[in-house]
Amino acid sequence: MPSTGKSKIMTMGNMSCLEMGRTERIRRKYYGRYVSGLAIVVILLLIVRAFKNGMIDWGIVGEFLTAESILVGLLKTIIMAPLAMLLGLVLGLVIALMRMSPNPVCSSFAVGYMWLFRGSPQLLQLFLWYNIALVFPTITIPYLFSMPTIQVMTPFVATLLGLGICQSAYTAEVFRAGIISVDKGQGEAAAALGMGGGLSMRRIILPQAMRAIVPPVGNEFIGMVKATSLASAIQYTEILNAAQRIYYVNNYVIELLIVATVWYLFIVSLLTIGQSFLERRIGRGFERR
Amino acid sequence: MSNKVEIRGLTKSFGSVQVLHDVDFTVKEGEIVCLIGPSGSGKSTLLRCINQLEEAQSGIIRVDGLIQGWSERSGKLYELSPRNITAQRSHIGMVFQRFNLFPHLTALENIIEAPIHVRGIRRAEAIKQARQLLENVGLANKQDSYPSELSGGQQQRVAIARALAMKPRLMLFDEPTSALDPELVSEVLAVMKNLAEIGMTMIVVTHELGFAREVADRVAFMDQGRIVESGTPEELLTSPRNSRTKSFISSVLQ
Ligand SMILES: Nc1ncnc2c1ncn2[C@@H]1O[C@H](COP(=O)(O)OP(=O)(O)OP(=O)(O)O)[C@@H](O)[C@H]1O
Ligand SMILES: [Mg+2]
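Chains as they are written, first to last, in the numbering used here: chain A, 1 to 289; chain B, 1 to 254.
Since the hints were made in silico from the structure, they are not lab data.
It is possible that part of the hints are untrue.
Quick partial rundown of chain A residues pointing at chain B, CB under 8 Å, derived from the structure [stated by the list, open to error]:
(1) 188
(2) 197
(3) 284
List of simulated lysine-lysine pairs, DSS-like, C-alpha gap at most 27 Å [claimed, not checked]:
(4) 128(B) x 142(B)
(5) 167(B) x 128(B)
(6) 184(A) x 167(B)
(7) 193(B) x 167(B)
(8) 142(B) x 184(A)
(9) 193(B) x 28(B)
Every residue, glycine too, gets a C-beta built ideally from N, C-alpha and C.
Using the sequences and the accompanying hints, generate a full structural model.
Now the structure itself:
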């Protein structure tokens with residue numbers, strides 16, 4: 001109890017030391033922390049040992065990590081994820097602005113759009129885009145362009161549309177939250193300077209909203225990298241699909257899934273670094289005080 | 001002298017709450033008018049109507065003879081396009097109680113933003129003008145500071161410079177010193193006095209009766225959405241006729 005401790009120190013005649021703030025301090029020992037830390041290390045070691053002795057041929061993992069078809073799959077993932085994300089960002093911004101529009105038709109459309117593309121499973125949306133030829137056998141722009149849908153809706157295009165549009169329904173909400181988070185006075189100050197709505201949004205509101213937008217978009221981007229694996233189901237040969245094609249032949253299922261895992265972790269790690277870099281840049285003018 | 005601002009029958013409600021009651025108010029070219037009154041009396045709303053941050057339900061506001069927000073043709077008022085409303089606003093400078101500087105831009109960037117993107121002035125030109133303005137408000141050495149690195153008084157002076165960069169014909173101040181620590185008030189008031197001396201037309205909502213007495217050509221007292229009384233600082237501040245004016249002034253001076 002603190003009061004008895006204090007009185008003990010006083011009776012021991014340590015007053016002068018205490019007053020001068022030089023009294024030695026003894027930290028409490030939290031034995032529980034040592035025990036739980038040790039337990040976790042032991043469990044990790046057991047898991048590592050299990051995998052080491054398990055039926056995984058690590059040589060195969062190393063061999064296929066840089067196999068050509070895996071690297072091509074990696075490249076396709078690296079191409080698809082940013083493209084689909086870009087589509088998701090652009091459409092998302094449009095939908096967010098429509099959602100905030102004073103025009104009730106615009107805002108209702110945006111609400112309906114988000115309801116539809118957030119409400120249905122991503123994989124299902126990919127299947128729908130991929131098979132849309134069943135609904136519209138040809139795509140026609142009068143006088144300009146007419147083509148069988150099957151030729152247009154390649155696995156690449158279907159994946160891009162499916163992932164990008166689905167993503168936009170989420171990013172729209174991120175954008176809207178970011179825009180709302182900017183102080184109302186900012187828009188008013190811009191308006192008072194004679195800046196129009198678009199100019200003020202572009203130069204004043206959005207740059208500030210970015211601070212609230214970038215962290216969740218970073219997370220969404222990481223989600224997108226992983227979501228590209230869904231495209232394996234419609235024959236887009238990204239990493240997972242490439243891995244599957246190999247293990248259908250050689251039966252090293254786990255080994256190739258580990259190869260894919262390693263590459264996903266690699267991309268996501270790079271993204272995480274990029275994100276923290278971007279956040280620091282966008283924080284200009286805000287971090288002080 | 002001609003009328004700079006002419007307000008006739010201005011009525012404004014927020015939902016069912018009527019905030020401005022049939023306000024008539026004129027400000028002459030070069031005149032400095034201080035608007036005083038208790039909290040919630042509608043002073044901010046009146047200023048915000050003048051530069052169309054709020055839309056009134058009825059009444060007409062003319063600035064330099066032009067009806068704000070509407071164009072008159074054959075006895076009818078036609079709503080202006082957003083672009084034209086924006087253009088009207090760009091000739092009216094506004095200074096806010098909470099500064100509202102753009103936090104992601106430096107002091108200099110705050111000032112050149114609108115001249116470049118609204119007026120289309122060349123960047124080098126805008127920077128030159130902004131440096132001059134910063135010097136005029138005593139902040140020549142702060143051009144690369146972000147607002148968060150400036151004191152309240154410095155921020156407000158940058159905000160004034162930012163408004164002046166658009167070469168406004170009229171300046172509106174909404175309690176420009178109310179958010180400041182007492183020792184920072186005078187530096188902002190000094191800048192406003194300089195502005196008054198060069199003949200800028202100004203409408204200033206303020207609780208600084210000393211400033212009103214010294215600088216204003218006219219003081220108007222507002223209460224419950226009406227302009228109750230207006231006159232020279234001497235008349236209004238020393239010998240107010242209306243009892244509400246009297247009790248307000250004595251409560252501020254107390
Ligand atoms: N956006 C708004 N929505 C609803 N009511 C509002 C809004 N803005 C102002 N009001 C109301 O209008 C009245 C006048 O407000 P205004 O801000 O013009 O007063 P003021 O004289 O500037 O007061 P203060 O000295 O506190 O700034 C107040 O009753 C206020 O509650
Ligand atoms: Mg006010």
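These are the hints, each one checked on the structure:
{"no.": "1", "hint": "188", "in the structure": "6 Å, holds"}
{"no.": "2", "hint": "197", "in the structure": "7 Å, holds"}
{"no.": "3", "hint": "284", "in the structure": "6 Å, holds"}
{"no.": "4", "hint": "128(B) x 142(B)", "in the structure": "15 Å, holds"}
{"no.": "5", "hint": "167(B) x 128(B)", "in the structure": "14 Å, holds"}
{"no.": "6", "hint": "184(A) x 167(B)", "in the structure": "24 Å, holds"}
{"no.": "7", "hint": "193(B) x 167(B)", "in the structure": "17 Å, holds"}
{"no.": "8", "hint": "142(B) x 184(A)", "in the structure": "26 Å, holds"}
{"no.": "9", "hint": "193(B) x 28(B)", "in the structure": "18 Å, holds"}
The structure agrees with every numbered hint stated previously.
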